[in-house]
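Enquirer: In the order they appear, the protein sequences are chains A and B. Residue numbers for the first sequence follow this note's numbering, beginning at 1 and rising by one. Residue numbers for the second sequence follow this note's numbering, beginning at 1 and rising by one.
Simulated from the structure, these hints should not be mistaken for laboratory data. Given the structure is predicted, the values throughout are model-derived calculations rather than measurements. Glycine included, C-beta positions come from ideal geometry on N, C-alpha and C. Careful: at least some of the hints might be erroneous.
Covered stretches of chain B, going by a simulated chain A footprint (3 or more residues, C-beta under 8 Å) [as the list claims (entries may be wrong)]:
| # | stretch |
| --- | --- |
| 1 | 36-45 |
| 2 | 48-61 |
| 3 | 179-186 |
Straight-line alpha carbon distances no greater than 20 Å define the calculated SDA-like cross-link-like pairs of lysine to any residue that follow [said to hold, decoys possible]:
| # | chain 1 | residue 1 | chain 2 | residue 2 |
| --- | --- | --- | --- | --- |
| 4 | B | 172 | A | 6 |
| 5 | B | 155 | A | 175 |
| 6 | B | 181 | A | 7 |
| 7 | B | 172 | A | 175 |
| 8 | B | 181 | B | 130 |
| 9 | B | 141 | B | 127 |
| 10 | B | 181 | B | 138 |
| 11 | B | 155 | A | 56 |
| 12 | B | 172 | A | 147 |
| 13 | B | 172 | A | 8 |
| 14 | B | 172 | A | 174 |
| 15 | B | 172 | A | 144 |
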Amino acid sequence: MSETPTLDDLLAAHAAGNLSMPVALIVASHLALSVESRCRYHAYEAVGGALLRQIEPVPCAPEAWDRLCARLDDEGPEPHRPPPPAPSLRHIPDPLRQHLPDSLEALPWRRLGEATQADLDLRDPGYRTTLIRVPPGSTYPRHTHGGTELILVLEGGFRDESGRHLRGELVIAGPEIEHQPVAEPGQDWLWLRVLDAPLRPTGPIGRLLAPFRRL
Amino acid sequence: MTEADRRSEPALVADLLAVAERRDREAFGRLFAFYAPRVKGYLRRRGTEEAMAEDLTQEVMLTMWRRAHQFDEHRATPSTWVFTIARNKRIDALRRGSRPELEAGATDLPEEVDPAPRGERVVEARQMEEMVSRAIQRLPKEQAELVRIFYFEDKPHTVIADELGLPFGTVKSRLRLALSKLRVMLGGEAP
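With the rest of the complex left out, here is chain A (with noise of 0.2 Å):
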């Protein structure tokens, strides 16, 4: 993600299978709340599935049928299905609750002013991913982005320069953007985060925070 990216080219990238597992995640998270995302989403499948069938075939050894009816005669059933999720994680989309414990309390939070967070190790360097809670008509602190920031809403919502977001949306923000989400009323403001570079805080209270914490 060198440039920012929209949320089509997120949708296009995912469906050719070319994005990195944590933007993946977030991605995948998102289709799972969204129907019209699955709609586009389905459709550059689609493009990939014409490619394939258009694609010059390279021919398989000539063993890889008789290998392969060998494993056929000792099919069992299909193996493992995922257990239930825990009651706790019900309304976590299915591709993020895989990365998490069966409680969120669980995990490992901090405190950053009004907010609490806390990382999910997902084991790629390039990336860093957190889970964050913010109380109702609690603030972030005041950011600017010096890569790209994705923002998935998972619970109650948010309020920004560029509007209000609700669950289920992934907003996407670039270096241009600087902003202070404000939590919506009601709920806490669960959010997932993937960054590719680190935020950098513009307000009072960021600048007073930044030499301690990262945001």
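Add chain B to chain A, keeping to what the hints say.
Expert: Frame of chain A, contents of chain B only:
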């Protein structure tokens, strides 16, 4: 062109349903003849090495056999379905390969998002196949090539730009234009 190359999409659907309903090996053999070399072609073009491509093609075909009952002809064509299986197998293999300390499957993304109501699809899958092919043919040659590179090679835009002798910004905007044209032609807009 061999017999396998001329198979129509309805014939492939019929074979896939025969596998799902009756575990029909002959039908599966026809699907193998058509798809295995294409899946391998896809994997090779994406840079998977020969032996690994052979193994992963087996995995893709085995998944087709196991999950044939999950195939829904109203939601996808067989070719699109196989494409998504091949794409996911390749990604899983890459992730396992680069992080052997993870147990297999630990980083897998689910094969498919929550099943959506059928009404969500604007176009029936069967028509979709034809429309996609026609839509790709209707693109200017250069744009069609960019789309192919995007799906099959995933080179950085800067490398593509070098190879085609085009400015970086041109590659990016043409690819975007081509993809959005395809999406609109396919009715991938929300109903």
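Enquirer: Hint by hint, which ones does the structure fall short of?
Expert: Going through the list in order, the structure violates hints 5, 9, 15 and respects the others.
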